[in-house]
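**Student:** From first to last, the protein sequence lines are chains A and B.
The first sequence begins at 1 in this note's numbering and counts up one residue at a time.
The second sequence begins at 1 in this note's numbering and counts up one residue at a time.
Derived by calculation from the structure, the hints in this document are not laboratory data.
All figures in this text were calculated on a predicted structure; none of them were measured in a lab.
Where hints are given, some of them may not hold.
Stated by the list, open to error - Here are the simulated EDC-like pairs of lysine to aspartate or glutamate, each with C-alpha atoms no more than 16 Å apart in a straight line:
(1) K190/B x E281/B
(2) K290/A x D220/A
(3) K158/A x D132/B
(4) K373/B x E188/A
(5) K467/A x E401/A
(6) K290/A x E188/B
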Amino acid sequence: MPGSCSQLIAALVEVLGERGVLHRPEELMLYEYDGSSLDQALPQIVTVPATTDEVAAVVRITVAHGRPVVARGAGTGLSGGSVAESGGVVISLARMNTIIAIDPHNRTAVVQAGAVNLTLSEQAADYGLHFAPDPSSQRSCTIGGNAATNAGGPYCLKYGVMTNHVLAATVVLSDGSIAHLGSLAPDEPGYDLLGVMVGNEGTLGIITEVTVRLLPISEDVQTFLAIYDDLDQASASVSAIIAAGIIPTAMEMLAGRGIAAVEESVHAGYPADARAVLLIEIDGLREELKTWARLIVEICRRMGAREVQVANDPAQRARLWAGRKGALAACARIAPRYHIQDGVVPRSRLPEALRFTETVADRYDLTIVNIFHAGDGNLHPLLLFDLRTPGILERAVAASEEILRMCVDVGGTISGEHGIGIEKRAYLHWMFTADDLAAFRQLRTVFDPTGLLNPTKLIPLHESYAKTSFAQSVGQTTMLDRLM
Amino acid sequence: MSNYYIEGIAPQAVHTPRNADELAAMLQQATADGASVVPWGGGTRQHLGNAPTRYNLALRTAHLNRTIEYHPEDLVITVEAGVRLDDLQDRLAQNGQWLPWAPPSASAASIGGLLASGASGPLRLGYGIPRDWVLALRVALGDGRIVKSGARVVKNVAGYDSHKLHIGALGTLGVILEATFKTLPLPECKHSVLTAYSKPLNILQALEQLRAAPLNPVSLVALNRTTAERLPSLQGFMHDQPDHLIIVARFAGVSAAVNRQIREAVIRGIDAGASCVDLDEHNEALFWRDIANFSAPLDDGALMLRLGAPSSQLLDQSRLLEPIMRNYGWPVARMVYAGVGLSFVRWYLPADPDPDEATAALAEVRSAMAAIKGYAVVEDAPAALRRTLDIWGPPPSAASLMRSLKAQWDPAGILNPGRYVV
Ligand SMILES: Cc1cc2nc3c(=O)[nH]c(=O)nc-3n(C[C@H](O)[C@H](O)[C@H](O)COP(=O)(O)OP(=O)(O)OC[C@H]3O[C@@H](n4cnc5c(N)ncnc54)[C@H](O)[C@@H]3O)c2cc1C
Numbered sequence: 001m002p003g004s005c006s007q008l009i010a011a012l013v014e015v016l017g018e019r020g021v022l023h024r025p026e027e028l029m030l031y032e033y034d035g036s037s038l039d040q041a042l043p044q045i046v047t048v049p050a051t052t053d054e055v056a057a058v059v060r061i062t063v064a065h066g067r068p069v070v071a072r073g074a075g076t077g078l079s080g081g082s083v084a085e086s087g088g089v090v091i092s093l094a095r096m097n098t099i100i101a102i103d104p105h106n107r108t109a110v111v112q113a114g115a116v117n118l119t120l121s122e123q124a125a126d127y128g129l130h131f132a133p134d135p136s137s138q139r140s141c142t143i144g145g146n147a148a149t150n151a152g153g154p155y156c157l158k159y160g161v162m163t164n165h166v167l168a169a170t171v172v173l174s175d176g177s178i179a180h181l182g183s184l185a186p187d188e189p190g191y192d193l194l195g196v197m198v199g200n201e202g203t204l205g206i207i208t209e210v211t212v213r214l215l216p217i218s219e220d221v222q223t224f225l226a227i228y229d230d231l232d233q234a235s236a237s238v239s240a241i242i243a244a245g246i247i248p249t250a251m252e253m254l255a256g257r258g259i260a261a262v263e264e265s266v267h268a269g270y271p272a273d274a275r276a277v278l279l280i281e282i283d284g285l286r287e288e289l290k291t292w293a294r295l296i297v298e299i300c301r302r303m304g305a306r307e308v309q310v311a312n313d314p315a316q317r318a319r320l321w322a323g324r325k326g327a328l329a330a331c332a333r334i335a336p337r338y339h340i341q342d343g344v345v346p347r348s349r350l351p352e353a354l355r356f357t358e359t360v361a362d363r364y365d366l367t368i369v370n371i372f373h374a375g376d377g378n379l380h381p382l383l384l385f386d387l388r389t390p391g392i393l394e395r396a397v398a399a400s401e402e403i404l405r406m407c408v409d410v411g412g413t414i415s416g417e418h419g420i421g422i423e424k425r426a427y428l429h430w431m432f433t434a435d436d437l438a439a440f441r442q443l444r445t446v447f448d449p450t451g452l453l454n455p456t457k458l459i460p461l462h463e464s465y466a467k468t469s470f471a472q473s474v475g476q477t478t479m480l481d482r483l484m
Numbered sequence: 001m002s003n004y005y006i007e008g009i010a011p012q013a014v015h016t017p018r019n020a021d022e023l024a025a026m027l028q029q030a031t032a033d034g035a036s037v038v039p040w041g042g043g044t045r046q047h048l049g050n051a052p053t054r055y056n057l058a059l060r061t062a063h064l065n066r067t068i069e070y071h072p073e074d075l076v077i078t079v080e081a082g083v084r085l086d087d088l089q090d091r092l093a094q095n096g097q098w099l100p101w102a103p104p105s106a107s108a109a110s111i112g113g114l115l116a117s118g119a120s121g122p123l124r125l126g127y128g129i130p131r132d133w134v135l136a137l138r139v140a141l142g143d144g145r146i147v148k149s150g151a152r153v154v155k156n157v158a159g160y161d162s163h164k165l166h167i168g169a170l171g172t173l174g175v176i177l178e179a180t181f182k183t184l185p186l187p188e189c190k191h192s193v194l195t196a197y198s199k200p201l202n203i204l205q206a207l208e209q210l211r212a213a214p215l216n217p218v219s220l221v222a223l224n225r226t227t228a229e230r231l232p233s234l235q236g237f238m239h240d241q242p243d244h245l246i247i248v249a250r251f252a253g254v255s256a257a258v259n260r261q262i263r264e265a266v267i268r269g270i271d272a273g274a275s276c277v278d279l280d281e282h283n284e285a286l287f288w289r290d291i292a293n294f295s296a297p298l299d300d301g302a303l304m305l306r307l308g309a310p311s312s313q314l315l316d317q318s319r320l321l322e323p324i325m326r327n328y329g330w331p332v333a334r335m336v337y338a339g340v341g342l343s344f345v346r347w348y349l350p351a352d353p354d355p356d357e358a359t360a361a362l363a364e365v366r367s368a369m370a371a372i373k374g375y376a377v378v379e380d381a382p383a384a385l386r387r388t389l390d391i392w393g394p395p396p397s398a399a400s401l402m403r404s405l406k407a408q409w410d411p412a413g414i415l416n417p418g419r420y421v422v
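Take these sequences, add in the hints, and give me the full structure.
**Tutor:** This is the structure in structure tokens:
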């Protein structure tokens, strides 16, 4: 193995130069994790190509050496997607971070895959436009990673997720060829291959360039914060707002015993004894806002909110959002580790889903905070723990498994936006039959006959991987040791 | 039986399975027998694509007409593929909801057929395309396997979004059995304004004016005089002067916001030298239905083209196409879906069209469209021309991937053989 590895390194250096090929252990360590931190594995080599042609060359060379290829954006993924579980070569898109063009006439932007999400929205603002998908990780995650995971964010309640905003992509396939999928010309004849490339988690191709839709910035924005003593009242407010015919830009909820802790570090004005905090944002024309605002305040009060705050200017809005945006970091202060889940339930099942989550927390003796996209029914139970507690990891995993199972049982899904990766691949069969999975696998093979593109993720080609929700190269106990 | 002819070709049999399982079993059998199958929904869009190279069986989805699940409070509905769009809209309207989708022939077309043919309509500017509203599909693949992808919730990333592959695939990968849609609350009001320009003008500028902030039309179409004359709903509004261009913008939402947009649109129209007419609720509903149906087959002898190009290329598109069309001298009805880069052209060829001339004209249009990174597809043509015209144009750049996908899901190649672009 080492022999062939050094040949591979030499071949890669020939294309990318020394600077573009990392292989010393201390260099590789940075690429051992993603945002989920439960899965870890060292790649043998990390490449940092600067052009689509270089990506194509890396793929060609690596595949010729029979090694896996793992695409990596910013590594903020929460399902182990960019962890090189079966070794091989990581392709980091970090150097391809240029926003190539913003076209105000077509309201589109062409960006390299490694461009950071927030950078695009900031640059688009000069044209009165914005890029709607806004994952909470938007300061660091990449547009390519967003496309590869079909990422969402608070604003996707009204504006949709990545798949609704990607118009075209340049993609490197496993044979090293470069494909152009999608087009600015709508409804071009041919199968919608772009539609499956979005959300492919690096298993169908390496996305190197994306054309996305930009939206005009709305005339007016208003934000509300409603505070509840009762979880059901908060959930009922979410349903009632939708039933009133309003689709807010965002409806985010903080629920559970962690609210006090979040308040302690963020000072967003959440009462320590509140059971749920609902953040609602609307945008549109001022007449629309006027109509909706009145209804929203009225509904929240009627459902039992103890307090409804309204923010009209950017500073006030930022203050209301501070709690939501800082919540994850705040939780990290409560406990050294967290495990975040991403199941979706039909909106009308939110009350029982939240109650169920609380009983699971009790049964497993875990602290669970739910910071989530309530409008979409997209739960984000955050399981907080300290790895020094014996058996805690097993408990956390068992608890999240129960929660995900419940999501499927009430008609939902195991993942709304974070992806399947390593972490949820063993649960896919809860949602899909053997025939469904076989059809997915056929699709995968059509794009990647070599089976070397991120082989163990999403729909693993080998059954053994499909059975486990942890990186296999690291045993569970050793991983525990290493995390400590 | 004659109802199931395609370009004069009759099937050997017409089957109407009672349910999805039966339909899938028929596909499995057909795969074993190598019998070719044309999936048949409402039959409103069988004019698309080439004639099948083989045609043994018309497979109807008419009995797949149940609503599987509807949870109004979740804004999600699952229906079988044979349900007609208008019936679905009625059902949703009872709960104050709709699918913002206005394709041609909505009263007769089935959900499955509309999805398979990638049908869209004038609402796509404001609300996107059915691809954006489909959350999940259940499909019988060519070999009879029943598979699904997606989930019945508004957000899901589990598995590949394979359902997108069937949308617009013209039933060549599988037969759609069930579709789950995200629905929307009906807007409080819908209102349209018609602006008629009697002088030549920069069409792109006129359109941009009608969608620059704060205007946010859900539909925006531009029609030439020939088109306007052929729309029954416009006859009351057409006066004698030779209008150069007619633009209609539709606004939807909260009444007060819609009213401000209408007022602003009228001011902008008048400033640009147009005469403006406010279409009331009744007239505007008729008008938009006519617009949607403009791209349905009308048996009027026209060569009907769908043209796609980046929307900013509209001016160049006009500059390139107008001389070609003037040169041939045949009347042209043009309709542009502004802001989305799509237009439909009905080109009225002489009664006994010369196939060579038609082929040459199409080739000229295609090369003009290619010059602006666009394409032209023949959606309908007089019977005499259908066999000689190149319906789709050049194959897509990723055709080889598409063919290997087809080989996986329809291994015997029984579904609509020869009809699609790959
Ligand atoms: C604090 C925090 C908050 C978050 N909030 C949200 C949220 O609100 N919504 C949400 O959807 N997600 C959220 N995430 C998850 C994560 O940020 C998203 O999944 C994001 O899209 C990943 O982008 P990335 O560039 O970091 O990709 P990575 O983590 O590097 O990769 C993710 C997956 O995509 C593949 N991939 C990456 N780039 C490419 C490419 N160019 N071509 C092909 N495959 C590629 C990888 O192989 C991997 O499978 C959050 C994460 C954190 C840590």
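**Student:** Each hint needs a verdict: does it hold in this structure or not?
**Tutor:** Structure-based check of each hint:
A C-alpha spacing of about 7 Å is found between K190/B and E281/B, which places the hinted pair at or below 16 Å, so the restraint holds. Between K290/A and D220/A the alpha-carbon distance is near 10 Å, which keeps this suggested pair within the 16 Å criterion. For the given pair, K158/A sits about 12 Å from D132/B by alpha-carbon distance, which is consistent with the 16 Å threshold. Using a Cα cut-off of 16 Å, the hinted pair K373/B and E188/A holds, with the two alpha carbons roughly 11 Å apart.
With a C-alpha separation of about 13 Å, the suggested pair K467/A and E401/A falls inside the 16 Å cut-off, and the hint holds. Proximity of K290/A to E188/B is assessed by CA-CA distance (about 14 Å); at most 16 Å being required, the pair is judged to hold.
Going down the numbered hints, you'll see the structure goes against none, and every one checks out.
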